[in-house]
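Participant: Protein chains in written order, with our numbering: chain A, 1 to 358; chain B, 359 to 716; chain C, 717 to 1074; chain D, 1075 to 1432.
In case anyone wonders, no lab produced these hints; they're calculated from the structure.
Do not take every clue at face value.
[Claimed, not checked] Dumping the calculated SDA-like pairs for lysine to any residue here, alpha-carbon to alpha-carbon at most 20 Å:
no.: 1; chain 1: C; residue 1: Lys966; chain 2: D; residue 2: Asp1389
no.: 2; chain 1: A; residue 1: Lys250; chain 2: A; residue 2: Arg316
no.: 3; chain 1: A; residue 1: Lys89; chain 2: A; residue 2: Gly167
no.: 4; chain 1: B; residue 1: Lys447; chain 2: B; residue 2: Arg424
no.: 5; chain 1: B; residue 1: Lys402; chain 2: C; residue 2: Glu1005
no.: 6; chain 1: C; residue 1: Lys966; chain 2: D; residue 2: Thr1243
no.: 7; chain 1: B; residue 1: Lys421; chain 2: C; residue 2: Phe882
no.: 8; chain 1: A; residue 1: Lys250; chain 2: B; residue 2: Leu488
no.: 9; chain 1: B; residue 1: Lys608; chain 2: A; residue 2: Asp114
no.: 10; chain 1: B; residue 1: Lys608; chain 2: A; residue 2: Lys63
no.: 11; chain 1: C; residue 1: Lys805; chain 2: C; residue 2: Asp830
no.: 12; chain 1: C; residue 1: Lys966; chain 2: D; residue 2: Ala1244
no.: 13; chain 1: B; residue 1: Lys402; chain 2: B; residue 2: Arg384
no.: 14; chain 1: C; residue 1: Lys966; chain 2: D; residue 2: Pro1303
no.: 15; chain 1: D; residue 1: Lys1324; chain 2: C; residue 2: Glu1005
no.: 16; chain 1: D; residue 1: Lys1163; chain 2: D; residue 2: Pro1138
no.: 17; chain 1: A; residue 1: Lys89; chain 2: A; residue 2: Lys63
no.: 18; chain 1: C; residue 1: Lys966; chain 2: D; residue 2: Arg1390
no.: 19; chain 1: D; residue 1: Lys1324; chain 2: C; residue 2: Asp1004
no.: 20; chain 1: A; residue 1: Lys250; chain 2: B; residue 2: Ala528
no.: 21; chain 1: A; residue 1: Lys250; chain 2: B; residue 2: Glu415
no.: 22; chain 1: B; residue 1: Lys498; chain 2: B; residue 2: Leu488
no.: 23; chain 1: C; residue 1: Lys966; chain 2: D; residue 2: Leu1325
no.: 24; chain 1: B; residue 1: Lys611; chain 2: B; residue 2: Arg567
no.: 25; chain 1: A; residue 1: Lys63; chain 2: D; residue 2: Pro1303
no.: 26; chain 1: C; residue 1: Lys966; chain 2: D; residue 2: Asp1362
no.: 27; chain 1: C; residue 1: Lys966; chain 2: D; residue 2: Lys1324
no.: 28; chain 1: D; residue 1: Lys1324; chain 2: D; residue 2: Ser1348
no.: 29; chain 1: C; residue 1: Lys779; chain 2: B; residue 2: Lys611
no.: 30; chain 1: B; residue 1: Lys608; chain 2: A; residue 2: Lys44
no.: 31; chain 1: B; residue 1: Lys421; chain 2: C; residue 2: Asp1004
no.: 32; chain 1: C; residue 1: Lys805; chain 2: C; residue 2: Asp755
For reference, the chains in residue letters:
4 protein chains.
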Amino acid sequence: MPGQFRVGILGATGTVGQRFIQILERHPHFRVTALAASDRSEGKPYAQACTWRLPGEIPEGVKPLRVQAPLPPLACDLIFSSLPAEMAKETEEAFARTGYPVISNSSAWRMENDVPLLIPEVNPSHLRLLEAQRCRGFAKGGLLVTNPNCSTVMLALALAPLHARFGVTAAVATTMQALSGAGYPGVASLDATDNVLPFIENEEEKIERETRKILGSMNGTQLQHAAFPVSAQCHRVNVSDGHMAAVRVKLEKPARLEEVREAMAGFRGFPQESRLPSAPERPLIVRDEPDRPQPRLDRDAGNGMSVTIGRILPDRVLDFRFVALSHNTIRGAAGAAILNAELLAAQGYFDLLGRGAA
Amino acid sequence: MPGQFRVGILGATGTVGQRFIQILERHPHFRVTALAASDRSEGKPYAQACTWRLPGEIPEGVKPLRVQAPLPPLACDLIFSSLPAEMAKETEEAFARTGYPVISNSSAWRMENDVPLLIPEVNPSHLRLLEAQRCRGFAKGGLLVTNPNCSTVMLALALAPLHARFGVTAAVATTMQALSGAGYPGVASLDATDNVLPFIENEEEKIERETRKILGSMNGTQLQHAAFPVSAQCHRVNVSDGHMAAVRVKLEKPARLEEVREAMAGFRGFPQESRLPSAPERPLIVRDEPDRPQPRLDRDAGNGMSVTIGRILPDRVLDFRFVALSHNTIRGAAGAAILNAELLAAQGYFDLLGRGAA
Amino acid sequence: MPGQFRVGILGATGTVGQRFIQILERHPHFRVTALAASDRSEGKPYAQACTWRLPGEIPEGVKPLRVQAPLPPLACDLIFSSLPAEMAKETEEAFARTGYPVISNSSAWRMENDVPLLIPEVNPSHLRLLEAQRCRGFAKGGLLVTNPNCSTVMLALALAPLHARFGVTAAVATTMQALSGAGYPGVASLDATDNVLPFIENEEEKIERETRKILGSMNGTQLQHAAFPVSAQCHRVNVSDGHMAAVRVKLEKPARLEEVREAMAGFRGFPQESRLPSAPERPLIVRDEPDRPQPRLDRDAGNGMSVTIGRILPDRVLDFRFVALSHNTIRGAAGAAILNAELLAAQGYFDLLGRGAA
Amino acid sequence: MPGQFRVGILGATGTVGQRFIQILERHPHFRVTALAASDRSEGKPYAQACTWRLPGEIPEGVKPLRVQAPLPPLACDLIFSSLPAEMAKETEEAFARTGYPVISNSSAWRMENDVPLLIPEVNPSHLRLLEAQRCRGFAKGGLLVTNPNCSTVMLALALAPLHARFGVTAAVATTMQALSGAGYPGVASLDATDNVLPFIENEEEKIERETRKILGSMNGTQLQHAAFPVSAQCHRVNVSDGHMAAVRVKLEKPARLEEVREAMAGFRGFPQESRLPSAPERPLIVRDEPDRPQPRLDRDAGNGMSVTIGRILPDRVLDFRFVALSHNTIRGAAGAAILNAELLAAQGYFDLLGRGAA
């Protein structure tokens, strides 16, 4: 992976924005040079504008950066966005139109026909959709890619090797999602303590449709979504970080339990082969203890980029079942976007960059 | 419901034993007169033997009762048992053999062919299995009935009206279970805080088989288990009381969403018709808010005897889905057994009782 | 206590407002007839305007009441207020000026010289301050009384018998306060889970000054605040309801441990003597188990109106120490105001009331 | 700091034992070569014997080590012990007698006259007590040093610079302690969830006496404990890691707030000057935000070896107050012992070592 890129972050003061900054602190290729947010923090140095809510200190390098309005131009080569969906649509397009590659964590563009919804281990071929983005008339270098919803990413990663090898014909996922997924202030503590909330707005719909797009196959430059139905029921539980999903899956071809286990444990993709800087050694870590995965013990596996799988068993209604867990603000958000950017860099999509700012 | 019965409780110092005592404090027909436990509390007055872990005080009436060994005879007319499974098998039988009706919350006898696994709203006809118990040679009055596992009870109650009206052909349940379900000390706090445990020993198996027995139909004095497959994935979450289940169901006959809702909301059974003292007005309370049920808000509905249902929706893989919640130590344990005893009393099974003890 | 009074609640949709409604559901003398709130809920029936966040249902009687603006006149005889401090000052005065007795839970008027800061067991004599309110020119019947901050009330109740008998010369309190004390949405769950917050705005100051006012003595119609210093350090812990305080106290007269215990356990006041409807049998419940009080087990003691005291021991730096616990939205808020109103009624302050409702 | 030492861990399968192993994984001078435990894990490879309860995996190097009985000899140069107090007394002495330096985290030996109770930043001079250990007739190289109780360490570290500069005349500490301090399984989750426990056995006594020993001064080879009284009230709160203490302190010499702050912020000791490998850059990190320290955000400061101080303010009863926080199983246990061993190594106490391993 070549070169050094200056990075701008939209939504820099939010929960995911802070994760971007934390993860990028020691990144070999990306250096944060611009921060933008839509709140009243504009104009202040980041150290003042942001109430840092992650353990540890704000990285020194970003403390003096002034928070700007999320409008082009920004002094950077590429854009990471974690803007709220309602303002992401327009803003992200504005940056792409002016020639910035926009790697977005927001949901606004995920389901557009010409926008790749990427998991680098799963569907790097979907980058071909970018050819269709030419019709949008973005300035040279401008493009839009997205990563999935924080729960979808673990479901799609877990299903990918099963779909490839046995063909998935139905998937049923029941999630138990962490509080940080709702941002800050997010869930009221009175709703979280000694409680479970059976409702996360739009979440079930997102999982049901995004999974099928991600596992779809390219037909020339057209993407055909996967045909199998997905059922999602989503719950918020009293966990700080780490989304969990209980999954059942129906397969087209007969499979033995051990084959299912092996398909998952042996799964590798382009990021592993190309040793992308944020790629975990194993996208799926299969554990055989009966009581794993657990959020507290497994969310940081592979620096938060591995999905941990456990309890792979035959199912009485579908064919197999298992439990998946992943770090929702790393593999489920900021880390996912960064890995997408590394994929784009590795495949030459940033070769044009060098717009001198500042 | 006639008469007054003296009650003995096996496992009186445990979590469920304490619930028995708390619920029975003001019961119109049952009065606690004997307490037994297998631990080192034998011989002490209950007030000393027991570390009371429910809000409020130990009821005055039981404070001076001496804790006895769980062996017949005890100074009571009938037995509630919440012994651990491993000692329940023999001990409960010993009481039945000597002529005590044993209403058990333990799992030891649930799957025996001649033992009713009862939910009074669902399968009172299964009491006919007691005729087959005659072969066991229990002394006059002796009998054994059981109530389901704490998670099964809400699943079976929720499925019952759907099975009756539309025919269930498959059920998929994913549970999020409360800490009190594991007794005391039960789950270590380090495993519960900021965490979810994806494993509860034997729980998935219990739900999968008990549900089918409960929803089975009597063929003469033979019970035919329901034929549909049940899939259960069970999780322990950081909630004190109140088990939740995300359920999907496949139906034999076509059903509209509103019909499914009505079948559940309108469900009533023998306990409601006969106004059994512990019967909730509605066994299933259907709520239409998008974010209900919740353990903290709904576990005490109907004094802990109602199951709250919410989020009834069409499902993309099975036919419908919903979320169920019930109080695991009331409807899921002590309250279930007490309602069973009320059913037995109402149907005349205790008419022979009057064994003078003391 | 004579008569029936129609009650209006300001701040009716908030956390404390909901507690008022819940507690008053079966009150023998007070009936809720008017609801007001300052938010966008105005004009709607309460059942629609309010997201009910307490276990159980909204009482039937208030469901159809339309939420009004918090301005006089309201169709009621007296006012309970739980308005936020910033709007309470003016609004509460407006009601008092028009002749309503205002029993306020807000902090706005607590420290005014002519406003009683009442705990009926502790300082009913402070009602004489109402004579000085005449200068304010309130219409006949109009008056303003307040109850203390949710943490102060348990500290002052616990200190009262010690101050009366031994003279307190210094008090040191370290609180561990429940989430519901911050209202809704209040504390963000990410700040509450696996965490303690060492800061609650203005709380330490309130405890330090309110305690001394409450324990002050009347000198004619003048109130002399208690002279001893109070030190408070306040923390928010991950508990839904129930404030706890670790207290040390220095005494003027020598006291033996047993005398301190007896002073607290034997404490009774006007509400107990006059059997006010909301008065607990014992304002202070002293427990001798080494591990009590605990929020989960003791917050509902005396229907949430008793303060539970435990771990009374000699202290190496001050003289004695103990731990106090009380239900922060009952004895610490709504219940405190209702008991104040019962005191006023019993002492004839409402005798003039009879303003015809709408 | 010279050389390489082979380390044996007593109590290797427990909560603190696991921390020892985790911290030592990359230690420049200590390499784990022997593991011992008193439970039924004897004889098994550590990977099988131990249920690893920390995030991340068991370090590869210790996986195959067989767990041995905690009896000399072990194939190591020095011993870290986290045995339970009741068995630590004899076992640790047995190792010291046979010539092993024993660096103990257990409470058994802490208050013995000739045993240093060490915090390397605070009282390295107490190592002179080891001269008195000669009377015990330990074999050459054998010695016993201890680190304080997990709450004491943060109190003593925080008081040390104040005592040195202004003279402490009284200290009052109220702790809110994490669940991991009780080991595993430790606190039952039903006692932890939605609750605070006001009792930790022997904890208040330990803090009150250990603090005075640590802050005592050497008079030749005699240790004179500090004269000021210490008052401790201890609570268990629902936090996984990170003990917090609300502290008040009375000082001999007049001090301004800013001087108190500076004394703490500027505090450094031998470990910092000598750059011991586990020494944090700053033993005390003073934060000025009103809502810090917080367990979730600050427990890992300085790799868990810094104590974070906040809310330094004048106090109305004593002179000043502040809140302290530290990681209870790192600075409060395993990390404390390791820093003690680094101190001993740096001061030549291990120069004799070189006993050939088995």
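Participant: Confirm or reject each hint.
Facilitator: Consistency of the hints with the structure:
no.	hint	result
1	C:Lys966 with D:Asp1389	holds (15 Å)
2	A:Lys250 with A:Arg316	holds (11 Å)
3	A:Lys89 with A:Gly167	violated (34 Å)
4	B:Lys447 with B:Arg424	violated (24 Å)
5	B:Lys402 with C:Glu1005	holds (18 Å)
6	C:Lys966 with D:Thr1243	holds (16 Å)
7	B:Lys421 with C:Phe882	violated (36 Å)
8	A:Lys250 with B:Leu488	violated (41 Å)
9	B:Lys608 with A:Asp114	violated (36 Å)
10	B:Lys608 with A:Lys63	violated (56 Å)
11	C:Lys805 with C:Asp830	holds (14 Å)
12	C:Lys966 with D:Ala1244	holds (14 Å)
13	B:Lys402 with B:Arg384	violated (24 Å)
14	C:Lys966 with D:Pro1303	holds (15 Å)
15	D:Lys1324 with C:Glu1005	violated (32 Å)
16	D:Lys1163 with D:Pro1138	violated (29 Å)
17	A:Lys89 with A:Lys63	violated (28 Å)
18	C:Lys966 with D:Arg1390	holds (13 Å)
19	D:Lys1324 with C:Asp1004	violated (31 Å)
20	A:Lys250 with B:Ala528	holds (14 Å)
21	A:Lys250 with B:Glu415	violated (52 Å)
22	B:Lys498 with B:Leu488	holds (12 Å)
23	C:Lys966 with D:Leu1325	holds (18 Å)
24	B:Lys611 with B:Arg567	violated (23 Å)
25	A:Lys63 with D:Pro1303	violated (44 Å)
26	C:Lys966 with D:Asp1362	violated (31 Å)
27	C:Lys966 with D:Lys1324	holds (15 Å)
28	D:Lys1324 with D:Ser1348	violated (32 Å)
29	C:Lys779 with B:Lys611	violated (39 Å)
30	B:Lys608 with A:Lys44	violated (57 Å)
31	B:Lys421 with C:Asp1004	holds (17 Å)
32	C:Lys805 with C:Asp755	holds (17 Å)
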